[in-house]
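**Student:** Each chain, letter by letter, is given below.
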Amino acid sequence: MTEDKKEKEEERKGKYIIEREYIEDERIIEPEKLDIGGIDASGRWGVIVLPRVISDFDHSLIEEVKKLPRGKHIERCWQCGLCTAVCPVAHKEPNFNPRYFIYIVKMGYKSEIKKLKKYIYLCQGCGLCTEVCPKHVDPSGVMMALNILFDKL
Amino acid sequence: MEGNKSILVIGAGPAGLQASKDIAEFGFRVVLVEKNSELGGAPIRWRYHTLAPDFVPTEKVLGPLIDFVKNNSLITVYTNSIVEGYERKDDFFKIRILNLRNKSISYENVSSVIVATGFEHYNASVDPRYGYGINPNVIGINELEIMISNGKVVRHDGKIPKRIGFILCVGSRDKATNPWCCTVCCGVSIKQAIEIKKIIPDSQIYIIYMDIRTIGLWEKLYWQSMENYHINYIRGRVGEIYWTGEKLLVKGEDTLVRGPFEALFDMIVLAVGMEPGEGTKQVAKVFGLRVNEYGFLSPRIPNIHYDSGKDGIFLAGACVAPMSVEEAIGEGSAAALQAIKYSMKRDRKVP
Amino acid sequence: MDKTLSIDFKEEEITLTKEDQKLFQKLVEERKAKLAKGTIEDYLRMLDKMKELEKKGEIIIHHVHEEYQPRLVKTLSGRVKKIPTVELWQHKSCGQCGHIPGYISALYWIMNELNIPYVDDTNQTSCTAWNYYGSGTSNTIAITAVFLRNMHVAYEKNAYPLIHCGTSFGDYKECRYFVVMSDEIRNKVRAILKKIDRDIVIPEELVHYSEWLHVMRYEIAEKKKFDVSNIKVAVHAACHTYKLMSEDYTYDDNILNGIRPAPTSSIVLALGAKLVDYSTWYDCCGFGFRHILTEREISRSFAYFRKIKPVVEETQADVLITHDTGCVTTLDKSQVVPLAHGYKETIPVIADSQFAALAMGAHPFKICQLHWHIADWRNLLNKMGIDWQSAWEEYKKYIEELKKGAKPFLLIPPPRRLQPKIIRDKPVVI
Amino acid sequence: MDSKFYLSRLNEDGWYYGGLPGLQWEVEQARKQNRELLKKIVDELYNDERFHEFYYACINCGNCTSVCPAFRFVDFEPRIVVQKIMHAKDEPELLYQMMDQYIWACYQCYSCWDVCPAHNNPGGLVLILKEIAVKNGLDSSKAALEPYSKIVYKIMTTGTQITPDMHTTIALFRDWGPHKAELAKNIRIDRKAVPVPSMNGVMDKSWKVDEQTMKELMLIHKEAGVWDSIKKTLKDVVDMIEETAREKGIKDG
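Chains as they are written, first to last, in the working numbering: chain A, 16 to 168; chain B, 100 to 450; chain C, 17 to 446; chain D, 932 to 1184.
Treat each hint with caution, since some may be false.
Unchecked claim - Below 27 Å or equal to it, Euclidean Cα-Cα: the simulated BS3-like pairs (lysine-lysine) are:
hint : chain 1 : residue 1 : chain 2 : residue 2
1    : C       : Lys-210   : D       : Lys-1139
2    : B       : Lys-274   : A       : Lys-81
3    : B       : Lys-261   : D       : Lys-971
4    : C       : Lys-412   : D       : Lys-1139
5    : D       : Lys-1073  : A       : Lys-30
6    : C       : Lys-211   : D       : Lys-1162
7    : B       : Lys-251   : D       : Lys-1020
8    : A       : Lys-87    : B       : Lys-274
9    : C       : Lys-382   : C       : Lys-241
10   : C       : Lys-412   : D       : Lys-1116
11   : D       : Lys-1139  : C       : Lys-420
12   : C       : Lys-210   : D       : Lys-1085
13   : C       : Lys-204   : D       : Lys-1162
14   : D       : Lys-1116  : C       : Lys-419
15   : D       : Lys-1085  : C       : Lys-211
Bear in mind the hints are in silico, worked out from the structure with no lab data behind them.
Looking at chain A on its own, in the form it has when it is part of the complex (with noise of 0.2 Å):
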């Protein structure tokens, strides 16, 4: 991971701010050229980042995973943690979290989704987290229905 972190490292938008990898990408919006009353503040004078208040929550993804075969018991899910506790992949690659996958898809944080989604297709599909689960949420089928949902994303 790190590697592909250094050569993006040069042209990376806001690279000055300290706290720079807690900000995504799109929320920095850096002009090329901005002309403030004949004041030249384009590159980082005339730097804004977008708030990332939440003021609605989006429902509309929870519905689709519920139409899904196996995504029915999603709603069930007290993000306890047990499924990525015994998740081999999470293990190996913390970006692939079933509990936060579920976060997000009942929350419909479709940035973090956008940012995370390259890694669903890691799951294996042991059902070691169904068979853990708690909640009989069935998190192996939920990940596979997300499989399909993130691709529509």
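Using the hints provided, position chains B, C and D relative to the given structure of chain A.
**Tutor:** Relative to chain A, chains B, C and D alone:
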């Protein structure tokens, strides 16, 4: 009709003892039947050192009850015995008591019955994740309580553990095992964590939890554990405990701070929850009492615990629902009053 | 004794405000005020210990005695706080004097109008808390020693310190708390102060200038020349004044139900303007100490999207008033880039002393120095009925005279009635 | 996957964190640091005289994060700061994860201190961590303070920060737009028009500060050990400060 002057109490746990004391003090004769050899139920069987939330020694709470029941002439105690069967006469019960040791049968006539058969700890060996019974140093909070009473917490090889982890909700809140919350294992685990910290001051103690449910006045345990005793809390679950030969590799997820984690622990304590004991099932069969889908005795109205729905039979304590010692004692008194009222009414003294 | 149990039910009449949802907000916040939250009880314990230290002779307390003609206000926990009104030692702010001098010149002008004697001291250093909070390049000992040095200078001149900047006010509350509660810090600080021939003098009350405006609001309202009843004002309270050591700031039961800080809102109401409420009243202005200097994109985005935009969208207020250097500078200067990006909302941002001075008829430029502010204040002055065009011409003419070497007009403080305690003829040899 | 693989991943304290989704960066960064530095940082934090006033207990209620201004724009949570500090004594690596970027996101506005049910002060804890980062000369404090060094110099020697003489060109704060162009042109004369006696016409400072006052200010910072504590991060600034102090007659040592 000497029968209507005595009451049967099944189970000598906190509820049963309190019921027997109240009935005897009221002047009625008590027949106390206890499956094990000593009185006191789970707190004494597992030698609870102190009781949450104020670390009151169990001895101070149950000791007087046990002494009173042992020395009071009105109370006949049958230990190592169970109620094998009964016949319902017109206004009293003919109880058949079987002594498990010498298989002798004895009969008692009583006017009413109080069932206080209590709970059993969940047997964690059923759940393969924790390796309870296979991995050394994976113990239950009941076994830990014995160690704390001895004032010495040690590993299987006798050494002092440095990093100790408590895993809450073992066997509880899980559709595969017991889908209910045992109400006390958070408070008890935190109490034990504080007691360990007193015994081993430089130990590192972690409590791995889903929700901390220290209800009511027990909340001060939670705050005290962080403010004065520096107990660490990880919000998440444990997927696997692996014995590496000298330490326990615990794999889990910290949903708030660390993400998926693995850590070496010297000792893991499983907060095993409460489930209906063997005694409760046996008595339910004998008296034909209704049992809910979880296996607990089901009162006629769920919110009124003492009323079993059968005439003259009353319920008390953890056989109805998971509860703490203080609640069980309270329910013991409640059931005693109902049994006395019922017995006196049979005697036409009370209109 | 068979005294029948008499329970008298006092029918507690509940007056429902017309907007019901405000009721929920009110109940939630009422509980907040009563809850002994944050450091309230610790702060009260510190005040008691301060008095003990004085009895033991370890420290000197600069009391708000009668010559300062104190007025009483209530703090968050209901403690009575004495606010001195005369003979004030002006503790200036490094930000305001550098960026927006109008804030302090308006305050001095008001004091001259009300004939309040004060000291504009050049032997005053800033609190250096911008370093302490912004970059971590300071420590408790240094900050507390600077605090006590300034307080000792005020004590020598027998004038009571009036702190202009919200950050200094919050920082000094924190320093006082630690110097009283921690013997180790107190001894270290005393050793340093001995080196510059000073001792530990702790003010009995730490007073922010907005609290002075709060207690003097009716005298100010009497001298009002312009009618501001049609001006809609939104108020932003600076974080460090009422969130840092939250107990020690002025709260008034009939100003915003005694739940929110009273100062700046009270003078706006006293002047007769309409106080409007907005959803992000509790938010910071985005100053960030470090961000305003070296990461301006974060400060400007926060100030605009969390303060300017909500205020204009929700209330269409004519002016945003606050009582701290950092807030006025951040909120005022952060509107330029977002406007260039195409956002529409803008609102003038001035200090409460400037608004009061304007209403009292002070010159918008010579005294209130509005030309240092960027956000467009022209229609505010039009709405107040102030002819700013001719005032601008006067200022231009005054500038030309200054260029030709004319003597600048200065606000001379009214003569003092109290004599200084100690006069240093020669400075301390370091 | 035999046990050797799992064990090899653990750090010396016997811990391995995967990191929350998308936040593996801070975990990798912390793993690279040497152990002594991590332990030193934790000790300095726990022994700070303010620590026991700022930290009591944390029940993860999230009150602080709900009022935190930085949380609205950056994935920074005061709750995480307290959580990691809570566990830092037993796991020093956790604390270091914040030292690189996380703590610098805080606005130090103390809204969190105002609402915490446990009387914690996450903002104050962040402040102590910033001081420790500067004292230990961490790369993050060097990067954060590099554009700041002129201000640190001015505050330490005169007590002021951005002063009017810095506005005479458009360079500083060009994002003020046309107002800045106007200001740069006639700031000198505008400062003469400020009616406050102690500020009138002053350019190099916010107001006329007596020489003696500045000497006392510098002595206080020297005696309080501030110069030594920032030497590792701002070496050249400290040299300039010491040189100015010598000019003003403050003896060394």
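**Student:** Next pair to validate is Lys-1139(D) with Lys-420(C); report whether the Cα-Cα distance is within 27 Å.
**Tutor:** The given pair, whose Cα atoms are some 23 Å apart, holds under the 27 Å limit.
**Student:** Measure nothing beyond the straight line between the CA atoms of Lys-204(C) and Lys-1162(D); if it is 27 Å or shorter, mark the hint as holding.
**Tutor:** 21 Å, holds
**Student:** Checking one constraint from the list: CA of Lys-87(A) to CA of Lys-274(B), max 27 Å. Satisfied?
**Tutor:** At roughly 17 Å apart (the allowed maximum being 27 Å), Lys-274(B) and Lys-87(A) satisfy the hint.
**Student:** For the pair we were handed, Lys-412(C) and Lys-1139(D), check the Cα-Cα distance against 27 Å.
**Tutor:** Distance ~25 Å between Lys-412(C) and Lys-1139(D) Cα, so the pair holds.
**Student:** Mind checking the alpha carbons of Lys-261(B) and Lys-971(D) for me, to see if they're no more than 27 Å apart?
**Tutor:** 21 Å, holds
**Student:** Given the hint that Lys-210(C) pairs with Lys-1085(D), test it: the Cα-Cα distance must not exceed 27 Å.
**Tutor:** Measuring from Cα to Cα gives roughly 25 Å; hence the hint holds.
**Student:** Given the hinted pair Lys-1085(D) and Lys-211(C), is their Cα-Cα distance within 27 Å?
**Tutor:** OK: Lys-1085(D) and Lys-211(C) at ~23 Å, within 27 Å.
**Student:** Mind checking the alpha carbons of Lys-274(B) and Lys-81(A) for me, to see if they're no more than 27 Å apart?
**Tutor:** Holds, at about 20 Å.
**Student:** Just to be careful, I want the Cα atoms of Lys-412(C) and Lys-1116(D) compared with a cutoff of 27 Å; is the pair within it?
**Tutor:** 14 Å, holds
**Student:** Does the alpha-carbon distance linking Lys-1073(D) and Lys-30(A) stay inside the 27 Å limit?
**Tutor:** Roughly 15 Å between the alpha carbons, so the hint for Lys-1073(D) and Lys-30(A) holds.
**Student:** Going straight from one Cα to the other, do Lys-210(C) and Lys-1139(D) come out at no more than 27 Å?
**Tutor:** 25 Å, holds
**Student:** For Lys-1116(D) and Lys-419(C), compute the direct alpha-carbon distance and say whether it is at most 27 Å.
**Tutor:** At roughly 14 Å apart (the allowed maximum being 27 Å), Lys-419(C) and Lys-1116(D) satisfy the hint.
Checked against the numbered hints listed earlier, the structure breaks none of them; every hint is satisfied.
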